[in-house]
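Participant: Residues per chain, in single letters:
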Amino acid sequence: MEADAVRVLIVDDEGELVSALVERLNLRGFEATGVTTGAEALSYLADTSVDVVVLDVKMPGLGGLEVIRRIKEQRANLQVILLTGHGSAQDADRGMELGAYDYLMKPVKIDELVALLLAASSGEVKSS
Amino acid sequence: MVVPMKDELNQANSAFEQRDARISGGRYRKTLITAVLSVSIVTIVPLLIMTGVADHQYREALNAESTRPMVRFAAIGRQSLESFLSEHLSALDMAVRERGFSQLRDSRRLREVLTNLQRAFGGFVDLGVIDDNGIQISYAGPFELEGRSYSEYDWFSEVSTAHVYVSDVFMGYRNAPHFVIAVQDVASDGPFVLRATIDTDVLNRLVSSLLVEPSWDAFLINRDGILQTDSRRYGTALQRCPIAMPTNPPQGELVEQEDENGERLLVGYAAIERSPFVLALLSPYEALQAGWLGPRRNLAGFLVVSIFLILAVVTGGSVYMLNRARESDLKRLSYFHKMEYTNKMAALGRLSAGVAHEINNPLSIITEKAGLLEDLLMLNVALPPREKMAELVSSVLKSAERCGGITHRLLGFAKHMEVQRESIDLDELIRQVLGFLEKEASYRAIQIDFDYPEDPPTIVSDRGQLQQVFLNIVNNAFAAVKDGGHIQIGIRRSDGDTVAVSITDDGIGVAEEHLKHIFDPFFTTKKGGGTGLGLSITYGIVQKLGGQITVSSEVGMGTCFTVTLPTGQAIA
Numbered sequence: 835m836e837a838d839a840v841r842v843l844i845v846d847d848e849g850e851l852v853s854a855l856v857e858r859l860n861l862r863g864f865e866a867t868g869v870t871t872g873a874e875a876l877s878y879l880a881d882t883s884v885d886v887v888v889l890d891v892k893m894p895g896l897g898g899l900e901v902i903r904r905i906k907e908q909r910a911n912l913q914v915i916l917l918t919g920h921g922s923a924q925d926a927d928r929g930m931e932l933g934a935y936d937y938l939m940k941p942v943k944i945d946e947l948v949a950l951l952l953a954a955s956s957g958e959v960k961s962s
Numbered sequence: 322m323v324v325p326m327k328d329e330l331n332q333a334n335s336a337f338e339q340r341d342a343r344i345s346g347g348r349y350r351k352t353l354i355t356a357v358l359s360v361s362i363v364t365i366v367p368l369l370i371m372t373g374v375a376d377h378q379y380r381e382a383l384n385a386e387s388t389r390p391m392v393r394f395a396a397i398g399r400q401s402l403e404s405f406l407s408e409h410l411s412a413l414d415m416a417v418r419e420r421g422f423s424q425l426r427d428s429r430r431l432r433e434v435l436t437n438l439q440r441a442f443g444g445f446v447d448l449g450v451i452d453d454n455g456i457q458i459s460y461a462g463p464f465e466l467e468g469r470s471y472s473e474y475d476w477f478s479e480v481s482t483a484h485v486y487v488s489d490v491f492m493g494y495r496n497a498p499h500f501v502i503a504v505q506d507v508a509s510d511g512p513f514v515l516r517a518t519i520d521t522d523v524l525n526r527l528v529s530s531l532l533v534e535p536s537w538d539a540f541l542i543n544r545d546g547i548l549q550t551d552s553r554r555y556g557t558a559l560q561r562c563p564i565a566m567p568t569n570p571p572q573g574e575l576v577e578q579e580d581e582n583g584e585r586l587l588v589g590y591a592a593i594e595r596s597p598f599v600l601a602l603l604s605p606y607e608a609l610q611a612g613w614l615g616p617r618r619n620l621a622g623f624l625v626v627s628i629f630l631i632l633a634v635v636t637g638g639s640v641y642m643l644n645r646a647r648e649s650d651l652k653r654l655s656y657f658h659k660m661e662y663t664n665k666m667a668a669l670g671r672l673s674a675g676v677a678h679e680i681n682n683p684l685s686i687i688t689e690k691a692g693l694l695e696d697l698l699m700l701n702v703a704l705p706p707r708e709k710m711a712e713l714v715s716s717v718l719k720s721a722e723r724c725g726g727i728t729h730r731l732l733g734f735a736k737h738m739e740v741q742r743e744s745i746d747l748d749e750l751i752r753q754v755l756g757f758l759e760k761e762a763s764y765r766a767i768q769i770d771f772d773y774p775e776d777p778p779t780i781v782s783d784r785g786q787l788q789q790v791f792l793n794i795v796n797n798a799f800a801a802v803k804d805g806g807h808i809q810i811g812i813r814r815s816d817g818d819t820v821a822v823s824i825t826d827d828g829i830g831v832a833e834e835h836l837k838h839i840f841d842p843f844f845t846t847k848k849g850g851g852t853g854l855g856l857s858i859t860y861g862i863v864q865k866l867g868g869q870i871t872v873s874s875e876v877g878m879g880t881c882f883t884v885t886l887p888t889g890q891a892i893a
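Sequence lines, in order, name chains A and B. Residue 835 is where the first sequence starts when you use the working numbering, and the numbers rise one by one after that. Residue 322 is where the second sequence starts when you use the working numbering, and the numbers rise one by one after that.
Same shape as in the complex, but just chain A (with noise of 0.2 Å):
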């Protein structure tokens, strides 16, 4: 599967993780966009469509997953990969309710990140 084409969505409340997740993903071949706050994210959804969310649980203001609660209320099938801290399961399990696509601990190995988007994208069906 071709990462061309797969737009996805980065939130996460440090701004410099953000920017270079998006510059590394676009390196390779994936269309990325970062924001910083949940509020931004649910706005830029509102407008664009995208393929794949990649959500930080832990966010000031509006949290991870009160987003994803939201973006799932509106559209089911957009695919959420999430991103939690060391000993956060409890966070990872009500997000994975919630519908998330899977999650990922921090710091995150940048492979393992683009396999999940191309599975996430390509609409298979995660085996867990």
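Careful, some of the hints might be misleading.
[Claimed, not checked] Just some of the chain A residues that point at chain B, by a computed CB distance under 10 Å:
#, residue
1, Ala839
2, Arg841
3, Asp846
4, Ala854
5, Leu855
6, Arg858
7, Arg862
8, Ser877
9, Ala880
10, Met893
11, Pro894
12, Leu917
13, Lys940
14, Pro941
[Unchecked claim] Below, simulated BS3-like cross-link-like pairs (lysine-lysine); rule was C-alpha separation at most 27 Å, straight line:
#, chain 1, residue 1, chain 2, residue 2
15, B, Lys760, A, Lys943
16, B, Lys351, B, Lys837
17, A, Lys943, B, Lys719
18, B, Lys837, B, Lys659
Don't read these hints as lab results, they were simulated from the structure. In this text the structure is predicted, and so the values were computed from the model without any measurement. Just so you know, even glycine gets a beta-carbon here, dropped at the ideal spot from N, CA and C.
For chain A, the structure is supplied; the task is to place chain B on it using the hints.
Facilitator: This is chain B only, laid out in the frame that chain A set:
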């Protein structure tokens, strides 16, 4: 509602430190000695008193028992001696009246009278009739005493006045102890005296009939302390008796005396009427006590065995109980150690989770920035522009610095775990504590306000302990508030040398029935498990630092913890 500090909590917490000392042997040994001594005294003293009383009463009873026969026999002896004397005197009197002077002056008739008297009464040795001038004008008996003059003798003048006379025992001409009884009568041709000599054998027989106990002695003495009859202890008649007779010996009771050999005696005296004789009936004191020695030995044996048993049971029992107490203390101690350890580990877990989380963010940035740099170097044919690389490297460095800051802070926190007193800026300390919760506060949009005086006070206290206190309380406040809640931290100087720090939240609050247990060890309302030790330990620490902690709360409105601390300037 305000919950005052509880003494039992104070004890429970100070026990955290003192129990090691308490479980050491010295304290138990002291308790053991106290227990054994007090129980022994309480049991043995009454036993001693009872035994003493029993001993005394038994001795009294026994004394009465052994003295009564002596008193009785002394009385019997007196009676028989008195009747003996009055019998003999009456016999003389009768002879005088029946025969008259005219017949008695005839020696042949006198012998007849003597024979009759000897036959009727016994003890009569001889008879003599003495005229007004003291001349024995007739005599019947074994000696040749007719014509003897008695005018110079004391007894003669005495009988002339008293008409009846009983003499002391004496040797006289005959070299055998005897005594004399005499009666005077007034005949038509002048007064005369009928005199009889009585053998002391009769007295000896009468007196020795009183000796019903082998330890007793009985004898007659005269007023000069000369034995009138033979004594078992003090020899034959006419020897001096080595007991000083009281001048007016009491009748019917015993006198405790010592003889000249230093032997203790009980003596009953009985004065014989119309005679110079006093009957003495005596027994050595030891002989009377002899009956008492057996029971007394038994009593002493019983006492010794009882005391030994009491001591053995008391000591054994106390040792057993104290060992049990000590075992249970040790068990409890190890349980507390375990709980304390669990709590420490839980706190450590919380702390490391927070630190891991905080470090994760800059670490992610480092990973991605360095990863991007690698991507640019590896994926592109052309080298990325210098500015781009510099920016990435600087970003990595900045994030690494952030990690370093977190590590530094953690180390700074850990460094103060040891107990020490130092000058502490309360504002700085509280902000340091809040540093650990900064991220959570921002994620959960919890607003923290400060209500400080112009110059926040500095106190002298233990930094590490205070950090733990405030971390515990603020942690609880975080747990109590909803996202977007408020926490207010206030510092104000109280009266005297104290500072009050209040941590107020607008969280769920604590129900009144829970509030009074809030500082109890193992009390928790957290579902799925706090240890219930956080606030109990906090309470203990505040106490130890010389402060107080109070709490007020209202369900649905929030909770306020107030920690009052001494400024400690006096100590500094």
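Participant: With reference to the structure, classify each hint as holding or not holding.
Facilitator: Structure-based check of each hint:
1. Hint status for alanine 839(A): violated, given a least beta-carbon distance of 19 Å to chain B, over 10 Å.
2. Checking arginine 841(A) against chain B: minimum C-beta separation of about 20 Å lies over 10 Å; hint violated.
3. Taken as an interface hint, aspartate 846(A) checks out: its beta carbon lies about 8 Å from the nearest beta carbon of chain B, inside 10 Å.
4. Using the Cβ-Cβ criterion of 10 Å, the hint placing alanine 854(A) at the interface with chain B is satisfied: the shortest such distance is roughly 4 Å.
5. Interface hint at leucine 855(A): satisfied, since its Cβ lies 5 Å from the closest Cβ of chain B, which is below the 10 Å cut-off.
6. The interface hint given for arginine 858(A) holds, since its Cβ lies 5 Å from the closest Cβ of chain B, which is under the 10 Å cut-off.
7. Proximity of arginine 862(A) to chain B holds as hinted, the smallest CB-CB distance being about 8 Å (cut-off 10 Å).
8. Residue-level restraint check for serine 877(A) is violated (minimum Cβ-Cβ distance to chain B is 19 Å; threshold 10 Å).
9. Annotation: interface hint on alanine 880(A) violated; nearest CB of chain B at approximately 23 Å, more than 10 Å.
10. For methionine 893(A), the suggested interface contact is upheld, since its CB lies about 7 Å from the closest CB of chain B, less than 10 Å.
11. Hint on proline 894(A) holds. Least Cβ distance to chain B is approximately 5 Å, under the 10 Å limit.
12. The restraint placing leucine 917(A) at the interface with chain B holds, with a minimum CB-CB distance near 8 Å, inside the 10 Å limit.
13. Taking 10 Å as the C-beta cut-off, the interface hint given for lysine 940(A) holds, the closest approach to chain B being about 5 Å.
14. A least Cβ separation of about 4 Å between proline 941(A) and chain B falls short of the 10 Å threshold, and the interface hint therefore holds.
15. In summary, the hint linking lysine 760(B) to lysine 943(A) is supported, as the alpha carbons are separated by about 24 Å, within the 27 Å threshold.
16. At roughly 37 Å between alpha-carbon atoms, lysine 351(B) and lysine 837(B) are farther apart than 27 Å, so this suggested pair is violated.
17. Of the pairs offered as hints, the one joining lysine 943(A) and lysine 719(B) holds, with about 21 Å between alpha carbons and a cut-off of 27 Å not exceeded.
18. Note on lysine 837(B) and lysine 659(B): the hinted pairing holds, with a Cα-Cα distance of about 25 Å set against a maximum of 27 Å.
In this structure, the earlier hints numbered 1, 2, 8, 9 and 16 are contradicted, and the remaining ones agree with it.
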